[in-house]
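J.: In terms of our numbering, the sequence shown has 197 at position 197, counting the first letter as 1, and numbering is strictly consecutive.
A couple of the hints might just be wrong.
[To be verified] DMTMM-like, lysine to aspartate or glutamate: derived pairs with alpha carbons at most 25 Å apart:
1) Lys-135 to Glu-64
2) Lys-135 to Glu-161
3) Lys-231 to Asp-29
[Unchecked claim] Here are the computed distance ranges between Cβ atoms for each label pair:
4) Arg-38 to His-118: 31 to 41 Å
5) Lys-231 to Pro-55: 19 to 29 Å
6) Arg-166 to Thr-37: 29 to 39 Å
7) Arg-40 to Asn-71: 20 to 30 Å
8) Ala-110 to Phe-39: 19 to 29 Å
Hints are computed from structural coordinates only; laboratory data are not their basis. Given the structure is predicted, the values throughout are model-derived calculations rather than measurements. Ideal Cβ positions, reconstructed from N, Cα and C, are used throughout, including at glycine.
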Amino acid sequence: MPERHTAGTDPAVIAHVIGQTPRPDLATDLQRRFPSTRFRIVGAMDGVQPEGIAPLAIGGHPLETLLRDGNRVILDAGFVAPLLQDAIEAHDADASAHLILCAGPFPELAAPATPSGHRTPLIRPFHVGVAEFRKRGHHRLDLMVPFAAQAAPAMEKWAEEGFTCRVHVLAERPLELTLPAWVSGLVGEGDAEVLVFDYVGFPSATLGEVAVRIEIPVFDLGHLALDELEKILSDP
């Protein structure tokens, strides 16, 4: 197993949300998948008041999250990134791995290096997806994003990595159609090699229902990130 650095306590997987804690829903999901693993969920916005949220930048990347009071807010990735970096550094001494629970690109994030050069593993769902699709030889993607303002930034981040994309917006699904029925109609119109839910936290059962309705593989960035965490935790 890679070198771990601790501060006198059992190391934990630090799960980073871009909003605020507590998030008992995420804690339950993580423990269900990894029952013997210790998790600690921290929020990038835990020390920020709602009035301190920066406005969305022109041409920025909007991300949706929850505040402690249950309200949903839209944050700019450029505003969130330094807060995530601060949280990574603040909790690194007790971390066996850092898991980012957001599909934003965040290329600037890094775990600090120890004197020996070791860095705690840092799992970013978007980067895991890029590596996985390159390994599989997939270059044409159908993307599902939660809301319309994410469509253009999502296409841009994947295009910068060499992928060709069509983007579909979950919020635009007609109410008379189930999600699997709607998705199967959309995907049948193109030449995509895979369908990607550019998302973290999408229900596994719904993904399974979609997968049996279409002829191409279905991936969810959050699930790919958990698969990557499983590999890290099982490294002898």
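J.: Now look at each hint and say whether the structure bears it out.
T.: Do the hints match the structure? See the list:
no., hint, verdict
1, Lys-135 to Glu-64, "violated (29 Å)"
2, Lys-135 to Glu-161, "holds (13 Å)"
3, Lys-231 to Asp-29, "holds (18 Å)"
4, Arg-38 to His-118: 31 to 41 Å, "violated (20 Å)"
5, Lys-231 to Pro-55: 19 to 29 Å, "violated (39 Å)"
6, Arg-166 to Thr-37: 29 to 39 Å, "holds (36 Å)"
7, Arg-40 to Asn-71: 20 to 30 Å, "holds (24 Å)"
8, Ala-110 to Phe-39: 19 to 29 Å, "holds (21 Å)"
Violated hints, in rising order: 1, 4 and 5; the structure is consistent with all others.
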